[in-house]
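J.: The lines below spell out each chain.
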Amino acid sequence: MKSTTFSLTCPAPNADNERIQLAHGEGARLSRRLIRQEILAAFANPFLTPLADGAILPDLGGKLVMTTDSSVVSPLFFPGGDIGSLAVNGAVNDLAVSGAEPLYLSVALILEEGLPIPTLRRIIGSMKEAAQACGVSVVTGDTKVVPRGAVDQIFICTTGIGRLRSDANLGVHRVRNGDKILVSGTLGDHGLAVLSAREGLDLGDQLRSDTAPLHRLVATLLESGAEVHFLRDPTRGGVAAVLHELVERSEFAVRLDEVRLPVSPSARGACELLGLDPLHVANEGKLVAIVSADTADAAVEAMRRHPLGSQTAMVGEVVISPPGEVLLANCFGQVRIMDEPSGAPLPRIC
Amino acid sequence: VKYVDEYRDPLLAERLLANLQKTVTRPWTVMEVCGGQTHTLVRSGIDQMIPNKLRLVHGPGCPVCVTPLEMIDRSMEIASRPDVTFCSFGDMLRVPGTACDLLGVRAAGGDVRVVYSPLDAVVFAQKNPERQVVFFAVGFETTAPATALAVRQARRLGLSNFSMLVSHVLVLPAMALIVNAPGNRVQGFLAAGHVCTVMGYEQYHDFAARHDVPVVVTGFEPVDLLEGLLMLATQLEAGRFKVENQYARSVAPEGNRHAQRAIAEVYDVCDRPWRGLGVLPMSGLRLRPAYHDMDAELRFPSTAPSSIEPKECRSGEVLIGLLRPDQCEAFGTRCTPEHPLGAPMVSSEGACAAYWKYGRFANSDLKSASRRDG
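Going down the list, the sequences are from chains A and B. Going by this note's numbering, the first sequence opens with residue 1, and the numbers climb by one from there. Going by this note's numbering, the second sequence opens with residue 351, and the numbers climb by one from there.
Heads up, a few of these hints could be off.
[As the list claims (entries may be wrong)] The following residues of chain A were derived to be distant from chain B, with all beta-carbon distances above 10 Å:
no., residue
1, 47
2, 59
3, 201
4, 275
5, 337
6, 339
[As the list claims (entries may be wrong)] A partial selection of chain B residues facing chain A, derived with a Cβ cut-off under 10 Å:
no., residue
7, 395
8, 470
9, 602
10, 657
11, 658
12, 708
13, 710
No lab work stands behind these hints, which were simulated from the structure alone. Glycine is no exception: its CB is placed at the ideal position from the N, C-alpha and C atoms.
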């Protein structure tokens, strides 16, 4: 038996103590020090540094797109990423698939009393890196500390603002019969990586989250001249949820070809073992694109030229009948209805 | 995935189908016993590719489905206790009890957790000595060895805070019930490959001979099922009633002796109620007296009134192949995965769930309407 060591020093609020305390959220000296040392140091930019209650942004000269996202993933760190990179990429990707060029982020941190400050530092570092890689600035934020047990270590809310691209004309209303459905790479990697990290399942070390910013892939696709009608990043609920949402809001059906779905051997093996369908599992760096049939080949070619789209596949098409259904043709040529996942087989994956 | 693709090979499937077409000359009704087999058949569409004369009925081999309502209610009563951490396979959480389900218990503050192995519950009990940890031991002979090992491990560690709510069932008594049921149409069985991996298939020789039914021990991939059906049809056409093994890559005649020993050490055979079917004699497993201190039913005596299964749910008939899910009046209307009347609609191996998930509705108008409304 290991013995537990108790510290006999009183955990008085002081900045040398290496854990988050309630006082870090009280707004007083400790709060200011935390924000200055841990947050401002990472994200410093002319909009954030004055530490005003709001950031005054320049005239962006176009339509604005705004999105918001909350990250509550458990565990905080997993192969391929962590809650910090996920929080940044999540907001950036929501802007990207809306046809926007991502520019600014706001970040709200909800910290649990007792969170080790090195853990926070590591997460902030990862957010900084992700934001730099995306070319976005964190321009405002908020930090709260709640008593132990009120949240699980750290929750992060990110809000993103971007400028609508002039070449983007996207939406369910644009989808036409015969349009082709593309996915930018292998499915289910993120959800399976998080699940296996959380449950300590040994599913092979090739399972890594695909978390990545998609706006440059989207730009490549839009600039290729392909007629792009609809974009989504298939996060929770996977590709199945995206397509179900699409058919529910249009008069069409979609038909997928099971043998064309890109799934890595490790993800396939993990899905076999766990009884999951890769179409139902979350991704954090994949694009579902619906493009006109006559420009689909060009779209595939353009996406494949981008590193995040090198495994792009044309996996199905939009059809007329039966309206409202997602169909899946299997390797035996049989077509069946593909249901959405009901319930939550994989809670807190993002 | 190694060793799986060859059992999903379209060319091989085509050859087997052609062979099946040639073999089947008369109408036959056969049952796939295991819910995992049902899902493969419906998912791959094999049930719609085979000759019309060969009728498939779906069997009782879904452990979640056959767990009786009283056991679900019992699990919720125990899981609601503030001192209890209740661990279960994920499938059980959405099975409706009389009042709600285990997810409802969790939402109301109960400590209900999904584990992937019963040994995880033992580890949790070891790390949390202040909690009463209860594992919901359901399933056929396939899961019983793992739950038996969990009990042995808890005993070895001297844990006083671990117990199990045991609702294990045996597959052969259910098959006997089916062939003896008035109105039975089943003329041959695809036996459940994984149960046989543990138990072997020697026990089926007597069953096949006594009831004049061929039994083919069968796997779970499309090619397995087609081959199993071909072997079964060949026997039926020839008037043979033998036990054959299609799943030899996993099943030995004598099964897995280690696993059997673990089961026999911890459990003995008892009468057990099945959902919709009532009490079947000698059809279940219970903890032996030496392990009664780990029996959650004894540790947490019930104060609840006895459970009455809803009449509207015809899961008993579905489970023994007398009713196809889409023939049930409630299917897709008053019974959906979001609002299930019975377990077969929510279990991952349930026949009703398979029909729902893969869009098998007798009435296609109903299909769009009910799926849209959820």
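J.: Does residue 708 of chain B meet its interface restraint, that is, does its C-beta lie within less than 10 Å of any C-beta in chain A?
T.: 5 Å, holds
J.: Taking the minimum C-beta separation from residue 59 of chain A to chain B, is that value above 10 Å?
T.: 45 Å, holds
J.: Do the numbers back the hint for residue 710 of chain B, that is, is its least Cβ distance to chain A under 10 Å?
T.: At 8 Å from the nearest chain A Cβ, residue 710 of chain B passes the 10 Å test, so the hint holds.
J.: Does residue 602 of chain B hold up as a contact with chain A if the rule is Cβ-Cβ below 10 Å?
T.: 23 Å, violated
J.: Does residue 337 of chain A really sit off the interface, with its C-beta more than 10 Å from all C-beta atoms of chain B?
T.: Not fine: 3 Å to the nearest Cβ puts residue 337 of chain A too close to chain B.
J.: Taking 10 Å as the cut and beta carbons as the points, is residue 275 of chain A off the interface with chain B?
T.: Per Cβ check, residue 275 of chain A is inside 10 Å of chain B; nearest 6 Å; violated.
J.: Holds or violated: is the Cβ of residue 339 of chain A farther than 10 Å from all Cβ atoms of chain B?
T.: The claim is violated: residue 339 of chain A sits with its nearest Cβ about 4 Å from chain B, within 10 Å.
J.: Checking the smallest CB distance to chain B, is residue 47 of chain A really beyond 10 Å?
T.: Given a closest Cβ separation of 42 Å, the condition holds.
J.: Hint residue 470 of chain B vs chain A: min CB-CB distance below 10 Å?
T.: Result: holds, 8 Å to nearest chain A Cβ.
J.: Is it the case that residue 201 of chain A keeps its Cβ farther than 10 Å from each residue Cβ in chain B?
T.: 7 Å, violated
J.: Does residue 657 of chain B meet its interface restraint, that is, does its C-beta lie within less than 10 Å of any C-beta in chain A?
T.: Violated, about 23 Å.
J.: Could you check if residue 658 of chain B really has its C-beta closer than 10 Å to a C-beta on chain A?
T.: 26 Å, violated
Going down the numbered hints, you'll see the structure goes against 3, 4, 5, 6, 9, 10, 11, while the others check out.
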